[in-house]
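Peer 1: Make a model of the complete structure from these sequences and hints.
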Amino acid sequence: MIKFDKIKKMKIDELLKKYSFMSNYFETNNFENLDYKSTLEENINKLDNEELEELGVKKDDILLKIEEYIKQMIEFLGIKEDDDVNSISIIAGTNKFGNEEKYEELKIKKGEIICIVGPTGSGKSRLLADIEWVADRDTPTNRKILINGKNPDKKWRFSSSNRLVAQLSQNMNFIMDLSVEDFLQLHAKSRLVENPKELIEKIINSANDLAGEKFERETQITDLSGGQSRALMIADTAILSKSPIVLIDEIENAGVDRKRALELLIGEEKVVLMATHDPMLALLGNKRIVINNGGIEKIIETTEEEKEILKELEVIDKRMQGLRNGLRYGENLSNI
Amino acid sequence: MNLITISGPPSSGKTAIITKLIKSFKDRKLNVGVAKFDCLYTDDDLIYKKLGIPVLKGLSGSLCPDHYFVSNIEEVVEWGVKNSLDVLITESAGLCNRCSPYIKDVKAVCVIDNLSGVNTPKKIGPMLTMADIVVITKGDIVSQAEREVFSSGVAMVNPRATIMNVNGLTGQGAYELSTLIYENDQHTDSVKGLKLRFSMPSATCSYCLGETRIGAEHQLGNVKKIEAGDLK
Numbered sequence: 001m002i003k004f005d006k007i008k009k010m011k012i013d014e015l016l017k018k019y020s021f022m023s024n025y026f027e028t029n030n031f032e033n034l035d036y037k038s039t040l041e042e043n044i045n046k047l048d049n050e051e052l053e054e055l056g057v058k059k060d061d062i063l064l065k066i067e068e069y070i071k072q073m074i075e076f077l078g079i080k081e082d083d084d085v086n087s088i089s090i091i092a093g094t095n096k097f098g099n100e101e102k103y104e105e106l107k108i109k110k111g112e113i114i115c116i117v118g119p120t121g122s123g124k125s126r127l128l129a130d131i132e133w134v135a136d137r138d139t140p141t142n143r144k145i146l147i148n149g150k151n152p153d154k155k156w157r158f159s160s161s162n163r164l165v166a167q168l169s170q171n172m173n174f175i176m177d178l179s180v181e182d183f184l185q186l187h188a189k190s191r192l193v194e195n196p197k198e199l200i201e202k203i204i205n206s207a208n209d210l211a212g213e214k215f216e217r218e219t220q221i222t223d224l225s226g227g228q229s230r231a232l233m234i235a236d237t238a239i240l241s242k243s244p245i246v247l248i249d250e251i252e253n254a255g256v257d258r259k260r261a262l263e264l265l266i267g268e269e270k271v272v273l274m275a276t277h278d279p280m281l282a283l284l285g286n287k288r289i290v291i292n293n294g295g296i297e298k299i300i301e302t303t304e305e306e307k308e309i310l311k312e313l314e315v316i317d318k319r320m321q322g323l324r325n326g327l328r329y330g331e332n333l334s335n336i
Numbered sequence: 001m002n003l004i005t006i007s008g009p010p011s012s013g014k015t016a017i018i019t020k021l022i023k024s025f026k027d028r029k030l031n032v033g034v035a036k037f038d039c040l041y042t043d044d045d046l047i048y049k050k051l052g053i054p055v056l057k058g059l060s061g062s063l064c065p066d067h068y069f070v071s072n073i074e075e076v077v078e079w080g081v082k083n084s085l086d087v088l089i090t091e092s093a094g095l096c097n098r099c100s101p102y103i104k105d106v107k108a109v110c111v112i113d114n115l116s117g118v119n120t121p122k123k124i125g126p127m128l129t130m131a132d133i134v135v136i137t138k139g140d141i142v143s144q145a146e147r148e149v150f151s152s153g154v155a156m157v158n159p160r161a162t163i164m165n166v167n168g169l170t171g172q173g174a175y176e177l178s179t180l181i182y183e184n185d186q187h188t189d190s191v192k193g194l195k196l197r198f199s200m201p202s203a204t205c206s207y208c209l210g211e212t213r214i215g216a217e218h219q220l221g222n223v224k225k226i227e228a229g230d231l232k
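As you go down the protein sequences, you meet chains E and V in turn. Start counting the first sequence at 1; every next residue gets the next number (UniProt numbering). Start counting the second sequence at 1; every next residue gets the next number (UniProt numbering).
Fair warning: there could be bad hints in the mix.
Unchecked claim - Okay, derived cross-link-like pairs now, SDA-like style, lysine to any residue, Cα gap no bigger than 20 Å in a straight line:
#1 Lys6/E to Asn43/E
#2 Lys65/E to Arg98/V
#3 Lys242/E to Asn148/E
#4 Lys23/V to Asn293/E
#5 Lys122/V to Ser23/E
#6 Lys11/E to Asn29/E
#7 Lys82/V to Gln186/V
#8 Lys155/E to Lys59/E
#9 Lys59/E to Lys195/V
#10 Lys154/E to Thr162/V
#11 Lys29/V to Arg137/E
#12 Lys65/E to Asn43/E
#13 Lys58/E to Thr170/V
#14 Lys59/E to Leu196/V
To be clear, the hints were calculated from the coordinates, so they are not data collected in a lab.
Peer 2: Set out below in C-alpha cells:
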C-alpha cells in the first residue's frame, strides 16, 4: 500500500522523478503554473476559487483523485506473476429456454485457438460478453467463468487499465489523424511501456509481414488500405496489448495472411477465441464451440481427418492468394 | 425508487444505451420510466414510448438546459413516484460539455463515444470527472488500440469511475451496466434538500437579460475578457 500522506508532502519535482506518469496526469488535467519546488499539497492549497472553477474541480476532491490515480497506476505497472492468465474455463449455464447447456466445463489454455460457430443471433456475442464480463452466474446465460481454474478477482471486471479482453472487431477503421508511428507511440504511452521504440519497430514489421502491400512508419493511419489496417491492428493487439484474452470477430478476406495472423497472436501467448464461418480458420482451431438458441450445443474437437481437409483448403487458399496478387500486379492470370 | 442521471455530449449514444437498459430492467420485471431533457427538439420520447414505459419530455428552449433540469428535477421525481416506478432514468444532453446536473448520492452516468477524439476527455468538465460510471460507446468502429488510448484518457481525468465499454447497437455490455446501476436498497423518493455535485457556470450578464447589441458599453454583470494583449 502506498502512503499518500507522504506523497502529499513531496515536492512536485520529486514526485515527477518517482512517478513519471504524473506529468501525463498534470498535463491532461490542465494543471498549469505548478511550482516544482513546493509540495503537491501546497500547490493545491494555492489554487484560488476562480482557478478551481476553471479546472472544474473541488479542492478536497483533487487530492483524493490523485491518490486514486497513483494507486491504480502502481497496481497497473506492478503486474505480478499471479496476474498471468494461463487458462480460462467456461462453466455451463442455460440456453434461451432455460435448458441446461450440453457440456459441463470448457477449459481453454494459453496458446489455444477456440472457434465459435452458429447462425446469426444464436448467442455468439453473449458468449463473448460473458467472457469479457467474467460472468459469475449473474448474466442471462447463468454461465460462470473461471481464471486459472479459480474464482477470479473482481478487479477484472472494473479496472480500465488491466483489461482481461482485447477485441478485434469486424470493423477495422482508424479515426485518429496520425502517422503509424505517432499512433503507436500514443498507444505505447497509454500502456506505459518501457521500450516503445523497439516495440513500435516490431509491430510495424509484423504488420508488414501480414499485409499484402507494405506501408511506411510515416504513412497516415487513415490512408492505410483495409488489409493494412487489419494487419496493423492485429500486430498491435498481439504485441502491445496487455490483455491476455483476444476475442476475434471474423478475420476474413481482407488481404491479410490469416494463418500467420493467428500464429502471431498465439506466439504472444494469448488465449484466442474467434467467431468464424470460414472453414479454413475453423479447422486451424483446436476446438469449436457450436452455439444455438443462446446456449452451447456442443464442443467439437478438430479431428485428424478434418486436419487433412485443412491441407486441401490451404492449397486452394494459396492458389486464390496467388491469383489475387497476379491480378494486383497486372499479370495474365492464365500464367499463374 | 432508484433515480439515475445520465448525461453526455449530443450523439454520444445516450438514447441507444438507455433503450438497451430499459430492456434489461423490464426483463427483470422492474418498473422503469424515463424523463428526457433536451434543448430545442427531441423525438426520443417516441422511441421510449414504443417500449411501453412512462415518458416525460422537457424542452428548455431559451434556457440553459442544465439550469432547466435542476429547476424541474423535483417535479420529475414526484412524477416518478406517482407512476410507482422502481427506476427513474433522467437523460440530459451536456450541451456545453462542462456541466451535468449530477446530484450528490444519486447515481451519475456519463456517456461518451470513442469517435469524439483522443483529447475529448480533457475537454469535458464535471460531467465526466464527477460521474460514478463512464460508459464509452461506439467501440466497434474503432481499433482496439484506440479504445485503450481513449479509456486511459478517461481514467486520467476520473480515476474513481467505473469505466465500461458498451455497444449501443448490439447491447453488448448493457446488461452488465444495468446490474451496476440498479441497487435494491437505494431509495430516492424526493430530491428536496439534496445538493448538486458541482456548481453550474455563472452567468447573469446583460445578454442573459435580453441585450442584443455588441460592444463593451452594453456589457454589464458577469463579464470575462479574453487575454489578447494590449490592443491600444
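Peer 1: Does Gln186/V lie within 20 Å of Lys82/V when you go C-alpha to C-alpha?
Peer 2: holds (18 Å)
Peer 1: Hint check: Lys58/E vs Thr170/V, CA-CA at most 20 Å. Holds or violated?
Peer 2: violated (38 Å)
Peer 1: Given the hinted pair Lys242/E and Asn148/E, is their alpha-carbon gap at most 20 Å?
Peer 2: Distance ~17 Å between Lys242/E and Asn148/E Cα, so the pair holds.
Peer 1: When you check the alpha-carbon spacing of Lys59/E and Lys195/V, does it fall within 20 Å?
Peer 2: At roughly 17 Å apart (the allowed maximum being 20 Å), Lys195/V and Lys59/E satisfy the hint.
Peer 1: Take a quick look at whether Lys155/E and Lys59/E sit within 20 Å of each other, Cα to Cα.
Peer 2: Given that 20 Å is the threshold and the Cα spacing comes to 29 Å, the pair is violated.
Peer 1: Compare the distance between the alpha carbons of Lys122/V and Ser23/E with 20 Å, and conclude whether the hinted pair is satisfied.
Peer 2: Status holds; Cα separation ~14 Å.
Peer 1: Please verify whether Lys65/E and Asn43/E have alpha carbons no more than 20 Å apart.
Peer 2: holds (15 Å)
Peer 1: Is Lys29/V close enough to Arg137/E, meaning Cα to Cα at most 20 Å?
Peer 2: Holds, at about 19 Å.
Peer 1: Run the distance test for Lys6/E versus Asn43/E: straight-line Cα separation, threshold 20 Å.
Peer 2: holds (15 Å)
Peer 1: Is Lys11/E within 20 Å of Asn29/E, Cα to Cα?
Peer 2: holds (18 Å)
Peer 1: Taking only the CA atoms, is the gap from Lys59/E to Leu196/V under or equal to 20 Å?
Peer 2: Holds. Lys59/E to Leu196/V sits at ~16 Å (cutoff 20 Å).
Peer 1: Do the alpha carbons of Lys65/E and Arg98/V lie within 20 Å of each other, as the hint requires?
Peer 2: holds (18 Å)
The earlier numbered hints that this structure contradicts are 8 and 13.
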